[in-house]
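Participant: Based on the hints, put chain F in the right spot on chain P.
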Amino acid sequence: MPEVTTDDDAGDGIQIDMISAERMEGMRTMEKIRLILDGVHDDNIVILEDGLDPDEESKLIERTMSEINPDGFTGIEIETYPGSDGGDGGFLGRLMGSDDPSKLTVIGPANRIETLHKDETLISTLVTRR
Amino acid sequence: MGLLTDLRSSISRATSSLFAGTEPKRIGIYGPPNAGKTTLANRIARDWTGDAVGPESHVPHETRRARRKENVEIKRNGKSVTIDVVDTPGVTTKVDYKEFLEHDIEEDDAVRRSREATEGVAEAMHWLREDVDGVIYVLDSTEDPFTQVNTMLVGIIESQDLPVLIFANKIDLEEASVQRVSNAFPQHETVPLSALEGDNMDEVYDKIAEHFG
Numbered sequence: 001m002p003e004v005t006t007d008d009d010a011g012d013g014i015q016i017d018m019i020s021a022e023r024m025e026g027m028r029t030m031e032k033i034r035l036i037l038d039g040v041h042d043d044n045i046v047i048l049e050d051g052l053d054p055d056e057e058s059k060l061i062e063r064t065m066s067e068i069n070p071d072g073f074t075g076i077e078i079e080t081y082p083g084s085d086g087g088d089g090g091f092l093g094r095l096m097g098s099d100d101p102s103k104l105t106v107i108g109p110a111n112r113i114e115t116l117h118k119d120e121t122l123i124s125t126l127v128t129r130r
Numbered sequence: 001m002g003l004l005t006d007l008r009s010s011i012s013r014a015t016s017s018l019f020a021g022t023e024p025k026r027i028g029i030y031g032p033p034n035a036g037k038t039t040l041a042n043r044i045a046r047d048w049t050g051d052a053v054g055p056e057s058h059v060p061h062e063t064r065r066a067r068r069k070e071n072v073e074i075k076r077n078g079k080s081v082t083i084d085v086v087d088t089p090g091v092t093t094k095v096d097y098k099e100f101l102e103h104d105i106e107e108d109d110a111v112r113r114s115r116e117a118t119e120g121v122a123e124a125m126h127w128l129r130e131d132v133d134g135v136i137y138v139l140d141s142t143e144d145p146f147t148q149v150n151t152m153l154v155g156i157i158e159s160q161d162l163p164v165l166i167f168a169n170k171i172d173l174e175e176a177s178v179q180r181v182s183n184a185f186p187q188h189e190t191v192p193l194s195a196l197e198g199d200n201m202d203e204v205y206d207k208i209a210e211h212f213g
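Protein chains in written order, with the working numbering: chain P, 1 to 130; chain F, 1 to 213.
Calculated from the structure, these hints are not laboratory results. The C-beta atom is built at its ideal place from N, Cα and C for all residues, glycine as well. Any given hint could turn out to be false.
What follows is a list of derived Cβ distance ranges for each label pair [as the list claims (entries may be wrong)]:
(1) F146/F x E67/P: 20 to 28 Å
(2) K98/F x L116/P: 20 to 28 Å
(3) R34/P x D104/F: 34 to 42 Å
(4) D42/P x E197/F: 44 to 52 Å
(5) E189/F x R23/P: 38 to 46 Å
(6) V59/F x G13/P: 35 to 43 Å
(7) Q179/F x D42/P: 41 to 49 Å
(8) E189/F x D119/P: 19 to 27 Å
(9) G26/P x G50/F: 50 to 58 Å
Only pairs whose alpha carbons sit at most 20 Å apart, straight line, appear in this in silico SDA-like list of lysine to any residue [claimed, not checked]:
(10) K118/P x K98/F
(11) K118/P x E143/F
(12) K98/F x D108/F
(13) K32/P x R129/F
(14) K94/F x H41/P
Chain F extracted, bound-state conformation:
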């Protein structure tokens, strides 16, 4: 980490804060593949703008480019907060095109998807270092949250001094354990929700307004 990089980063953040009153904050939706990031981004965008952000799928790495929905105005308790929602590709340390074959995808398409997925993860990391003002970290609450990728990502977010909310998604599923997610990251607030079913979205919007407003 060079002095110039630090300086550039400081200038970038100082510039951002100068315009904080006029520009919406860019809130990155991060998390591992298949946690429901795009479903959440679509839920937020549809609730407040009527439009979606991108296609949802059970196939991992469906989102292979960061997508931004600008000027999402969330109104809570007489106040409003305007954010840009940035839906990012699921972060991982490995991508094997053979995994796509298990989802009835042809080999050529699988190779292309894996190549795009790797570019997408790299792009997501770049956004995290340079271009977001806050992070919603989405976890599938039916899965073990104690993974190295989650630990690393939350560590990277903390090192950037970014405000972060942990969202324990998919609470509509029987195997969901919100407690397990809270135990994994006790230093951050965990908000349970089902982005798919729209469960607990009032609290989700309260917390977004509180943390990123």
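This is chain P alone, in the form it adopts within the complex:
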């Protein structure tokens, strides 16, 4: 997994893993979910260039639930562009001139990431340190 923060002070910062569509392309559903949840368990913010399909999202929720425990992990916060409905492909689709429903997805630990605002053109997120 690509690591943005690698120096000795990494513990004070927030690691962001930006995962390309190419990297996810050949993975099976559980491999993708494991990649995401391992990152989130490490308190990282995971950004997927191309998000999960609905079936994978369903299994991500299911898997997340099974890993929640009262002593630490409280689940995930997830935000996606464009909406899962595909619609007209959202601004990325329009930008690319296609209806490709690829969706930028941001996932983080629920106790560290909070969505402040979301509309059709903006996601504003607050990420807190440990």
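Facilitator: Relative to chain P, chain F alone:
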């Protein structure tokens, strides 16, 4: 998503359709926590069978297991449709037992509830992928419907090709906005109601018969 999974799913749906004439359709009531799913399930069950489905509460995740009320026969305009109503736990991506403490629940009980709630959400997702024939998606019309969980859930329902109705619940409350719910999911029909007060239930039953009959 493997080939075997696709095949199993296709066989399951084909088998279901073979028996569609004889078996009631299982209609899952889905939505975020505290949208009024159990209140709606109870309203439907009481109106047509006289029994309730489960306890209602303002505490989130009161429903922590999917509950089914079988053979609910709804009669509309001289015809009847028989459904199994499946009341499911509210879907979320996070559960923190500390939230239960705010409702005067002791810590041990809160931990137990949160554990059961996580199992319930996982169970609800499993039902959605494998075991329901249609979905009533319930939203609290006083709340912002543009949440990621709602978007994901409706996307998952659409990907399963399941018939779906959006119910904008709690219209008895002053802050309710049915328009906001319709705007969030314009691709689906939105039906306003108050499951608690029984408002607009005639239209609710008309739409259930129309969509799931």
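Participant: Next, verify each hint and record whether it holds.
Facilitator: Going through the hints against the structure:
no.	hint	verdict
1	F146/F x E67/P: 20 to 28 Å	holds, 27 Å
2	K98/F x L116/P: 20 to 28 Å	holds, 21 Å
3	R34/P x D104/F: 34 to 42 Å	holds, 38 Å
4	D42/P x E197/F: 44 to 52 Å	holds, 48 Å
5	E189/F x R23/P: 38 to 46 Å	holds, 40 Å
6	V59/F x G13/P: 35 to 43 Å	holds, 38 Å
7	Q179/F x D42/P: 41 to 49 Å	holds, 42 Å
8	E189/F x D119/P: 19 to 27 Å	holds, 24 Å
9	G26/P x G50/F: 50 to 58 Å	holds, 55 Å
10	K118/P x K98/F	violated, 26 Å
11	K118/P x E143/F	holds, 14 Å
12	K98/F x D108/F	holds, 11 Å
13	K32/P x R129/F	holds, 19 Å
14	K94/F x H41/P	holds, 13 Å
Figure legend: structure checked against the earlier numbered hints; the only hint not met is number 10.
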